[in-house]
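Spelled out, the chains give:
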Amino acid sequence: MLSVFLIVIAAIFFTGIIIRTKSLASGRKGPGILQPVRDVVRLFRKGVVYSETTSFIFQIAPTIYFASVIMAMLVVPFGQSRGVLSFNGDFIFFAYVLALGKFFSIIAAMDTGSSFEGMGASREALYSMFAEPAFFILMGSLALLSGHTSFQEIFAALHIGSQISYALAALATFVLLMIAMIESSRMPIDDPKTHLELTMVHEVMILDNSGFDLGLIFTAGYLKFAIYGALIVNLFIGVIPIQYAIPSFFTIQFVMAVSIGLIESFMARFRMSHNPQFIVALTSVSLLIFFGVLLILQKFM
Amino acid sequence: MNFVIAFVLIPFIGMLLFPFLKVNGKGIAAFALLLVNALISGYFAVQNLTGEAISIILPGSFVTGIIPLRIDALSGWFMLIINLVFVTGGFYGLFYMKAYREQRNNLTLHSIAFVFQHAAMISICVVQNSFVFLVAWEIMALTSFLLIIFEHEHSVTIRAGINYLIQAHFSILFLMIGFIWVASKTGSYDFQAIAAYSASIPVSASFMLFIFFFIGFAIKAGFVPFHTWLPYAHPAAPSHVSGIMSGVIIKIGIFGILRMLLVVKTDLLAVGYLVLIISLLSGLYGVMLAIIQHNLKKLLAYHSIENIGIIGIGIGIGCIGEGTGNQVLATLGFAGALLHTLNHSLFKSLLFYAAGNVYQATHTMDIEKLGGLIKKMPQTAILFLIAAIAISGIPPFNGFISEFIIYTGLYNWLSDTTLVSLLAAIFTTAGLALIGGLAMLCFTKAFGIIFLGTERSKLTQSSTEVSFMQLLPMYALAAIIILIGLFPMPFINLLSQPVSLFTSTISMPLNAVQINAFSALQPISWASWLLILIVIGIFMIRKHVLSHSKIATGPTWGCGYIASTSKVQYTAGSFVRTYSKLFAAFLLIGKHEDEIKGIFPSEGKYHTHPYDKVEKWLIDSPLKFNKSFMGRFVFLHNGKLQFYILYGVLFILAVMSIPIIYQNIFSFIEFLKHL
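So the protein lines, in turn, are chains Z and B.
Heads up: the first sequence begins at 1 in the numbering used here, then just goes up one per residue.
Heads up: the second sequence begins at 1 in the numbering used here, then just goes up one per residue.
In short, the hints are calculated from the structure, not lab data.
Treat the hints loosely; a few may be bogus.
[What the hints assert, rightly or not] Calculated cross-link-like contacts (lysine-lysine; reagent style DSS-like; alpha-carbon spacing at most 27 Å): (1) K458(B) <-> K375(B); (2) K22(B) <-> K98(B); (3) K550(B) <-> K46(Z); (4) K298(B) <-> K369(B); (5) K543(B) <-> K376(B); (6) K543(B) <-> K46(Z).
[Unchecked claim] Reference listing, derived: stretches of chain B covered by chain Z, where coverage requires no fewer than 3 residues with Cβ under 8 Å from a Cβ of chain Z: (7) 382-393; (8) 546-555.
Please read all numbers here as calculations on a predicted model, not as lab measurements.
We put the CB at the ideal spot given by N, CA and C, even for glycine.
Please put together the full structure from these sequences, using the hints given.
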């Protein structure tokens with residue numbers, strides 16, 4: 001239960017911090033940290049416009065997308081304390097329930113019959129497909145290292161000991177962070193602030209959403225960030241007592257948000273054709289983690 | 001005993017009866033006979049899934065020897081699947097075939113073949129005499145050929161049918177080699193003789209024996225590289241037959257492999273790795289090719305290859321678990337494979353029936369021409385969507401449950417200590433994850449292009465939803481899909497018995513190993529319920545909020561462009577364009593392109609037609625070589641009767657001279673020996 005509470009709090013501030021960092025880096029004062037939340041509340045109150053082309057798919061998709069993210073949030077643990085749901089193989093459920101949301105957001109984009117949204121849908125489907133093996137290899141490596149197969153048991157059993165495991169934790173952080181960037185459609189895969197629909201991925205898929213539905217999609221996006229942040233935090237706080245773990249949770253989430261803001265300020269988005277290569281490279285990094293684990297366990301005779 | 005006689009007699013009654021009935025009567029009578037046979041076999045199947053195996057020994061004749069009928073839990077499980085798919089398929093077919101009412105004789109043949117095929121497939125599950133088994137196998141192959149070529153006035157259909165017929169007989173050839181091998185050594189056709197014989201010979205020999213059976217059954221199951229008949233046969237057949245072919249005929253190959261695993265005693269570890277590698281290749285290759293297909297039924301056919309791959313991964317890790325003595329791994333592997341067999345037959349037949357509805361409404365299977373059907377056929381669309389989500393292995397439907405079991409097995413495998421198995425486990429996991437992602441790409445494409453957006457081309461006829469009765473079997477299938485997704489445990493309990501056959505453990509009702517292995521399924525079922533509750537909850541809130549706010553409709557936002565037509569929509573080709581560029585090395589896509597040129601441009605064209613690399617190298621090239629080689633002897637084939645008689649005479653002379661020459665050779669060798 002603790003994890004849900006913490007993730008929701010982190011989600012409230014996360015995107016605001018990114019935006020604030022970006023504006024400070026570009027020499028502006030920028031909106032308040034709670035502005036994204038205010039935007040969502042405003043959207044919840046607004047009326048909606050539906051395209052004539054769309055069907056009921058378009059109407060239920062944001063709800064299912066949001067629900068899938070909530071479900072994913074429920075299985076994420078916090079150090080020693082379990083998530084709301086915890087069972088062997090819960091990370092498989094985590095990945096696949098997020099896929100449910102993605103499935104619906106993709107078909108909802110195609111429901112509008114717009115070529116832009118179709119383009120975004122096609123890219124989203126492709127990129128998330130490439131990201132999946134990386135996640136499963138990473139979790140497999142951690143499962144092998146810890147000898148357990150549920151999020152909570154894996155993270156509780158992970159303890160950073162030797163130098164090589166520091167390297168592994170760093171690599172795992174990198175992989176999770178990049179998966180978070182792909183899933184949340186941020187740099188360097190996608191730039192939510194781009195000015196051309198042709199170069200967007202996620203933003204272009206939701207061109208036709210408005211009002212309550214758009215609010216749900218935004219909220220789900222904020223939550224997704226915090227969920228992946230929580231996973232990264234979990235890599236490090238396995239054995240730390242809870243009074244230190246909670247502050248370090250927020251510290252790491254804050255550092256993550258600031259660094260995302262900085263990355264987005266000083267880096268350009270990849271060329272669309274480079275994205276798949278990048279994401280496949282991610283799979284190789286997680287394979288590297290796997291080999292590292294094999295090294296630790298002295299499987300290479 | 002009486003049941004067996006009744007079961008065998010029923011198709012013959014049908015054969016005598018159908019020609020004299022009216023068109024409606026033929027269908028109803030065929031369905032009724034099918035139902036009777038399904039009830040008889042289903043009764044036995046349920047009985048031994050929950051209790052003891054049944055064994056009936058028929059006396060047989062002097063050709064066949066005694067015919068043992070042994071119904072164990074494995075046969076029971078497959079008989080249930082076969083009955084389920086045949087009954088729903090038959091019911092769907094009653095309404096689907098209405099468009100062909102005029103073809104009376106054709107329908108008679110179709111009904112007879114349908115009933116016979118069901119009987120043959122049930123027999124295959126039960127008969128444990130290799131001679132009778134092959135006869136039943138042949139009946140199945142021939143009847144499915146007849147079912148495929150229903151629309152035989154199209155040359156494409158005939159070509160697909162003959163392609164199937166030839167490949168089916170290659171399958172029989174390999175099976176025959178295996179069976180004759182054993183029969184010639186033991187003099188018995190009983191499967192128990194195979195078990196005894198394979199235990200007595202060296203492992204390398206019994207592995208070879210297994211390979212012959214495996215290839216024979218793999219051709220039927222559609223493992224890569226033996227899959228090339230599927231993408232032709234499925235689109236050519238009427239939709240209910242495609243559903244049955246994909247739902248159960250290819251599964252009978254899986255049944256054969258599983259049966260042979262029980263019968264042939266060989267090195268399970270080696271078998272496990274072999275099956276695992278072939279399955280992983282099939283899974284990946286199947287879905288890779290499925291994505292680029294523009295013919296809906298062909299797309300579904302390639303997807304069957306992918307799912308056979310997933311089932312095979314389960315079988316592979318099951319064998320490896322059994323070979324290394326890891327009971328949990330073996331349990332998870334076989335349970336995953338068996339459950340996915342059921343699951344795939346459910347959602348794949350549902351998808352084919354939905355494709356049938358689309359075909360009935362639009363008379364095309366080219367998805368590039370479709371679009372916006374969800375408004376005209378909302379029920380078909382929802383049913384297709386359920387099956388599409390289930391086949392992508394996404395919760396809360398049944399596909400997730402079986403894939404989850406296989407994933408759990410793979411992660412369990414990581415507790416193994418050898419480097420090879422760890423590497424195999426992690427690469428299989430990554431492969432399975434990639435298959436899942438690709439399947440999602442494939443089915444978002446299929447559903448999105450066919451049912452969403454607006455019509456991509458003017459269709460000649462007005463498309464409307466099919467009748468409720470035709471949708472009824474589809475709803476039944478969808479209900480089971482949801483049921484397995486939400487309540488997996490009863491089905492796992494049913495699986496306990498068949499899985500125990502492989503893991504050689506006692507099962508009443510779930511043994512300790514199985515309870516441990518499936519511990520995660522109960523929480524998953526809660527999680528699925530919770531997911532549904534959350535969706536409903538949020539939807540209620542949304543409804544409440546929207547009731548207070550203004551709802552407007554307008555055109556799709558075209559980014560400032562207002563004269564958008566349906567032609568600017570994303571097409572299936574454009575949806576997967578990036579994908580097909582990335583995976584170009586594995587794909588073979590022919591292109592015809594007329595670019596738009598000049599100041600007054602003429603019409604532009606862009607055509608792609610996907611082909612199969614394996615087919616090109618494995619089927620087409622040898623055939624081409626064969627043809628050019630045989631072409632050298634064309635001069636013999638000169639159309640003159642005198643010459644043909646001469647050939648006959650020469651042949652007879654040659655045959656007659658064999659003993660003489662043989663005698664000479666023999667005496668020559670004797671002579672050499674004396675030296």
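Do the hints match the structure? See the list:
no., hint, in the structure
1, K458(B) <-> K375(B), "holds (15 Å)"
2, K22(B) <-> K98(B), "holds (13 Å)"
3, K550(B) <-> K46(Z), "holds (8 Å)"
4, K298(B) <-> K369(B), "holds (15 Å)"
5, K543(B) <-> K376(B), "holds (25 Å)"
6, K543(B) <-> K46(Z), "holds (13 Å)"
7, 382-393, "holds (count 4)"
8, 546-555, "holds (count 8)"
Going through the hint list in order, the structure satisfies each hint without exception.
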